[in-house]
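So the protein lines, in turn, are chains F and Y. Under the working numbering, the first residue of the first sequence is numbered 1, with each subsequent residue one higher. Under the working numbering, the first residue of the second sequence is numbered 1, with each subsequent residue one higher.
Just so you know, the hints here were simulated from the structure itself, not pulled from any lab data. Fair warning: there could be bad hints in the mix.
Which bits of chain Y does chain F cover? Going by a derived footprint, with three or more residues having C-beta under 8 Å, they are [said to hold, decoys possible]:
1) 51 to 60
2) 64 to 77
3) 111 to 119
4) 203 to 217
Straight-line Cα separation of at most 30 Å, DSS-like style, residue types lysine-lysine; simulated pairs [stated by the list, open to error]:
5) F:LYS324 x F:LYS344
6) F:LYS566 x Y:LYS138
7) Y:LYS138 x F:LYS646
8) F:LYS334 x Y:LYS110
9) Y:LYS176 x F:LYS415
10) Y:LYS41 x F:LYS334
11) Y:LYS110 x F:LYS140
12) F:LYS59 x F:LYS283
13) Y:LYS176 x Y:LYS41
14) Y:LYS138 x F:LYS415
15) Y:LYS110 x F:LYS646
16) Y:LYS114 x F:LYS415
17) F:LYS140 x Y:LYS114
18) F:LYS197 x F:LYS140
Think of the CB as a built atom: it goes at the ideal place given N, C-alpha and C, for glycine as much as any other residue.
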Amino acid sequence: MKNAIAITPELVAQHGLKPDEYQRILKLIGREPTLTELGIFSAMWNEHCSYKSSRLHLKGLPTKAPWVIQGPGENAGVIDIGDGLACVFKMESHNHPSFIEPYQGATTGVGGILRDVFTMGARPVACLNALRFGSPDHPKTRRLVSGVVAGIGGYGNSFGVPTVGGQMGFHSRYNGNILVNAMAVGIAKADEIFYAKATGIGNPIVYLGSKTGRDGIHGATMASAAFDDSAEEKRPTVQVGDPFAEKLLLEACLELMQSGSVIAIQDMGAAGLTSSAVEMGAKGDLGIELDLDKVPCREEGMTAYEMMLSESQERMLMVLHPAKAEQAEAIFRKWGLDFAIIGKTTDTLRFVVKHHGETMADLPIKELGDEAPLYDRPYVETPKRPVLAPENIPSPVSNRAALLRLIGSPDLASKRWVWEQYDHLILGNTVQQPGGDSAVIRIGDGPRGLALTADVTPRYCEADPFEGGKQAVAEAYRNIISVGGTPRAITDNLNFGNPERPEYMGQLVYCIRGLGEACRVLDFPVVSGNVSLYNETNGRGILPTPTIGGVGVLDDVTRAMTLAFKAAHETIILLGNTKGWLGASTWLAEITGREDGAPPPVDLALEKQTGELVLGLIRDGLVTAVHDLSDGGLAIGLAEMAMAGKIGARIDHLPPGLPTHAALFGEDQGRYLLTVATNDQIAEISRRVGTSGSDLIMHILGVTGGDSLTLPDEQPISIAALETAHEHWLPSYMAGDA
Amino acid sequence: MKSAVITFPGSNREGDVIRALRQATGHDPVSIWHQDADLPKGTDLVVLPGGFSYGDYLRCGAIAARAPVMDAVRAHAARGGLVLGICNGFQILVESGLLPGVLMRNAGLKFICKMQHLKVGRSDTAFTSHYSTGDIIKVAIAHGEGNYVADAETIARLEGENRVAFRYCDAQGDTKAGNPNGSLNDIAGIYSEKLNVLGMMPHPENLIETLVGGTDGRGLFESLSAYRGAA
Numbered sequence: 001m002k003n004a005i006a007i008t009p010e011l012v013a014q015h016g017l018k019p020d021e022y023q024r025i026l027k028l029i030g031r032e033p034t035l036t037e038l039g040i041f042s043a044m045w046n047e048h049c050s051y052k053s054s055r056l057h058l059k060g061l062p063t064k065a066p067w068v069i070q071g072p073g074e075n076a077g078v079i080d081i082g083d084g085l086a087c088v089f090k091m092e093s094h095n096h097p098s099f100i101e102p103y104q105g106a107t108t109g110v111g112g113i114l115r116d117v118f119t120m121g122a123r124p125v126a127c128l129n130a131l132r133f134g135s136p137d138h139p140k141t142r143r144l145v146s147g148v149v150a151g152i153g154g155y156g157n158s159f160g161v162p163t164v165g166g167q168m169g170f171h172s173r174y175n176g177n178i179l180v181n182a183m184a185v186g187i188a189k190a191d192e193i194f195y196a197k198a199t200g201i202g203n204p205i206v207y208l209g210s211k212t213g214r215d216g217i218h219g220a221t222m223a224s225a226a227f228d229d230s231a232e233e234k235r236p237t238v239q240v241g242d243p244f245a246e247k248l249l250l251e252a253c254l255e256l257m258q259s260g261s262v263i264a265i266q267d268m269g270a271a272g273l274t275s276s277a278v279e280m281g282a283k284g285d286l287g288i289e290l291d292l293d294k295v296p297c298r299e300e301g302m303t304a305y306e307m308m309l310s311e312s313q314e315r316m317l318m319v320l321h322p323a324k325a326e327q328a329e330a331i332f333r334k335w336g337l338d339f340a341i342i343g344k345t346t347d348t349l350r351f352v353v354k355h356h357g358e359t360m361a362d363l364p365i366k367e368l369g370d371e372a373p374l375y376d377r378p379y380v381e382t383p384k385r386p387v388l389a390p391e392n393i394p395s396p397v398s399n400r401a402a403l404l405r406l407i408g409s410p411d412l413a414s415k416r417w418v419w420e421q422y423d424h425l426i427l428g429n430t431v432q433q434p435g436g437d438s439a440v441i442r443i444g445d446g447p448r449g450l451a452l453t454a455d456v457t458p459r460y461c462e463a464d465p466f467e468g469g470k471q472a473v474a475e476a477y478r479n480i481i482s483v484g485g486t487p488r489a490i491t492d493n494l495n496f497g498n499p500e501r502p503e504y505m506g507q508l509v510y511c512i513r514g515l516g517e518a519c520r521v522l523d524f525p526v527v528s529g530n531v532s533l534y535n536e537t538n539g540r541g542i543l544p545t546p547t548i549g550g551v552g553v554l555d556d557v558t559r560a561m562t563l564a565f566k567a568a569h570e571t572i573i574l575l576g577n578t579k580g581w582l583g584a585s586t587w588l589a590e591i592t593g594r595e596d597g598a599p600p601p602v603d604l605a606l607e608k609q610t611g612e613l614v615l616g617l618i619r620d621g622l623v624t625a626v627h628d629l630s631d632g633g634l635a636i637g638l639a640e641m642a643m644a645g646k647i648g649a650r651i652d653h654l655p656p657g658l659p660t661h662a663a664l665f666g667e668d669q670g671r672y673l674l675t676v677a678t679n680d681q682i683a684e685i686s687r688r689v690g691t692s693g694s695d696l697i698m699h700i701l702g703v704t705g706g707d708s709l710t711l712p713d714e715q716p717i718s719i720a721a722l723e724t725a726h727e728h729w730l731p732s733y734m735a736g737d738a
Numbered sequence: 001m002k003s004a005v006i007t008f009p010g011s012n013r014e015g016d017v018i019r020a021l022r023q024a025t026g027h028d029p030v031s032i033w034h035q036d037a038d039l040p041k042g043t044d045l046v047v048l049p050g051g052f053s054y055g056d057y058l059r060c061g062a063i064a065a066r067a068p069v070m071d072a073v074r075a076h077a078a079r080g081g082l083v084l085g086i087c088n089g090f091q092i093l094v095e096s097g098l099l100p101g102v103l104m105r106n107a108g109l110k111f112i113c114k115m116q117h118l119k120v121g122r123s124d125t126a127f128t129s130h131y132s133t134g135d136i137i138k139v140a141i142a143h144g145e146g147n148y149v150a151d152a153e154t155i156a157r158l159e160g161e162n163r164v165a166f167r168y169c170d171a172q173g174d175t176k177a178g179n180p181n182g183s184l185n186d187i188a189g190i191y192s193e194k195l196n197v198l199g200m201m202p203h204p205e206n207l208i209e210t211l212v213g214g215t216d217g218r219g220l221f222e223s224l225s226a227y228r229g230a231a
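Isolated chain F, as found in the complex:
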């Protein structure tokens, strides 16, 4: 091998490798790397691909349960959902590209996560997303919202998967670094899951899908760097999505898998051909030899370096049964896609790349992954904030005024403007569309279904990473319980600042501990995930945002529960303990402008008991509506139920001993609102709560009916007024009026 280009310290730095990491490379291969090899190392050893800062801590997350078929480490997680079926799902971020080029960044985020799911043999059945934007008054926010939403829709709508749910929030800490987290969910037969592990020596390695271009070179390296004001100069590293090509790739891959010719499959995502080839070989304890002359290219004169680092979209790598290569090629030709045998598996445990007859790289394949740097970065715990006593925080406005303001505030306002741009009805299985606690989809012709949610409360994570991490998982759990689903597993998308700063590293460490604690107690393991670090601009990190994508199973989707009030004269019950927790609440921020105080703690054991009790109430038909309480507390929960059902309510009693604004807007955890039709059912619920053997309590708050929501000692608020406030903000903001 010859080195056409000298490897200088500057070149090493441009590849995002630290001097000691370069020394590690020299020691590993015993010589100076070629430029192509340096590129390969930079792709494999960046934060995005190697998890070098987070790996140590991620080990603490629970990943097993009897229903887990595949935990983290593959393209996506897999759980058994009964009837011989498996649910395959994962969430992944596309934060940096979406800030630079919102439409394309978002489309390729959706495309990438869909590929992760169908690579495993699953047909995608739903997408969700969690979006975080800067302050609404920041000059870039409107354009970013518009581009990201159009991009998510543009890809999912064309690909043909319903986008059924998600979350969207605003905060100034995302001004220079938005978050775009996309989740995809697919269904496969439980015994027909496909993996990345290559087997057999001399088997053909096949390149499938779109051609390779110069787009996205070093995308994963960019995603592992912090932004400064010149972020937009990085635009050329953002790839362009082609949902049409992906739809063809989906159909061709599933058809190919049915034909029995696939031994191993890996999508070319971050770090493209490099990471897909290395992973397939390393997992199978095999070497890989690639002949780049065979790679279908979109542009002429591409170098080995460019081909190995291109992140062109809609591409796959497979190891095929040699006898079936011809049949496989016919399937791909039918769908008009490229098919090329570009290499073979070997017994050398080397990753060899040839171009124009010359060896451009020859590296030990296992060590490329296994010997990636692993850092135990220094971290500090976020200082504990004082608990705010509700008595010390008077309300400057009436509760009625506060409710109207909160229901129309950026984080709580209706996101209809967003989800009406997503096809959420295609496939004809969307039982609960966006706007509920969880989306509910039917699987095939039923009766089984899935409850799906994406959730996190970043301001809690900022205030107390451990409690915030717990809360994110508990909230996902609650969302699933509320629709009658049994929570099964999560995917986590950990978005944090620069791990080289101990305070941000501390946020990551304690959030992960909180997640792990909640997952363990709630029996809600992590089966897939993604870590996105260096989310900061000019030295200021984002709010710590560990987005949780939760999946639950419903045995009979026709019995799914909804949050809408169903009829007049039904009794409204609050289940759970209320202490009027205003610290780090939405009310505190929106009404008083304060973002201080400790966040509400989550009692995980009680959370589980409450959740199981609520599931029992739904299963036994004792309740007519269920809604879990979160941002904005009880008052917002009541308003949402009233608006959804177009039925009002009169609230006569609040949890006692608290200032009314704290009872109404406090964000105590582990609470649900229920409506109940008969006195017998109330008595039965009361009996179950009383014999639950825990500290769980319930309050009867009032009754449904009329066309207004009346809070204690306040003038009624008409549902029409609530709806106006709720629906008005986002469309008028996007039109430039707000």
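Starting from the known structure of chain F, arrange chain Y on it as the hints suggest.
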């Protein structure tokens, strides 16, 4: 009723319409690949499903309109055979000359997916015999380019010949108030001269079950299932 559903590269609601036909007729329609030159013998109904054929690149429906199978569809229509184009299928029908007019970008320039009310134009066609004229039904829309436009003469002719199959409206039947995309005369779907070709932007195939939004779309498939040839 023997039906066939055509799949183009990029079609994505073929499964939805197959399910609707299966529920209404009791058996599966035949799936046809865009490169097939012929329709199965005895086909009564051809469906062009929703989706983004060829990615909607160039112009919605323009490439699919030139697919090999479309010659067979045109011949089928000329013989008086039934053709139903939904969403992208409607776009393909106007691009292939089977229906007049064009579908432009929505007036609001955004893709819209939501429940949408329609007013049934007439109930004496193969597609609508299970509805009554003037019925208000709730179905789904999901499109970015559904803004129906034609020259004044064409519109006058469609109206004069009573060929507007469905109009957008609100829950009370107000067509102006319920128009989501700027279509002229609130047109959501139109018939060919002989009433055997129907193109419509909304998705009746997604409203066939109480569990998933409602059953107002079922009437269209039940009408087709009951159809026994031109009177």
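Structure-based check of all given hints:
1. 51 to 60: Contact hint for the segment 51 to 60 of chain Y vs chain F: holds, 6 residues under 8 Å.
2. 64 to 77: Our answer is that it is violated, as 0 residues pass the Cβ test (under 8 Å) against chain F, missing three.
3. 111 to 119: holds (count 4)
4. 203 to 217: Contact hint for the segment 203 to 217 of chain Y vs chain F: holds, 8 residues under 8 Å.
5. F:LYS324 x F:LYS344: 15 Å, holds
6. F:LYS566 x Y:LYS138: Holds. F:LYS566 to Y:LYS138 sits at ~21 Å (cutoff 30 Å).
7. Y:LYS138 x F:LYS646: 19 Å, holds
8. F:LYS334 x Y:LYS110: The given pair, whose Cα atoms are some 33 Å apart, is violated under the 30 Å limit.
9. Y:LYS176 x F:LYS415: 25 Å, holds
10. Y:LYS41 x F:LYS334: 24 Å, holds
11. Y:LYS110 x F:LYS140: 20 Å, holds
12. F:LYS59 x F:LYS283: 19 Å, holds
13. Y:LYS176 x Y:LYS41: Answer violated: Y:LYS176 to Y:LYS41 is near 43 Å, above 30 Å.
14. Y:LYS138 x F:LYS415: Given pair Y:LYS138, F:LYS415 holds - Cα atoms ~22 Å apart, limit 30 Å.
15. Y:LYS110 x F:LYS646: 28 Å, holds
16. Y:LYS114 x F:LYS415: The given pair, whose Cα atoms are some 13 Å apart, holds under the 30 Å limit.
17. F:LYS140 x Y:LYS114: OK: F:LYS140 and Y:LYS114 at ~28 Å, within 30 Å.
18. F:LYS197 x F:LYS140: 43 Å, violated
In summary, the structure is inconsistent with hints 2, 8, 13 and 18 from the numbered list given earlier, while agreeing with the others.
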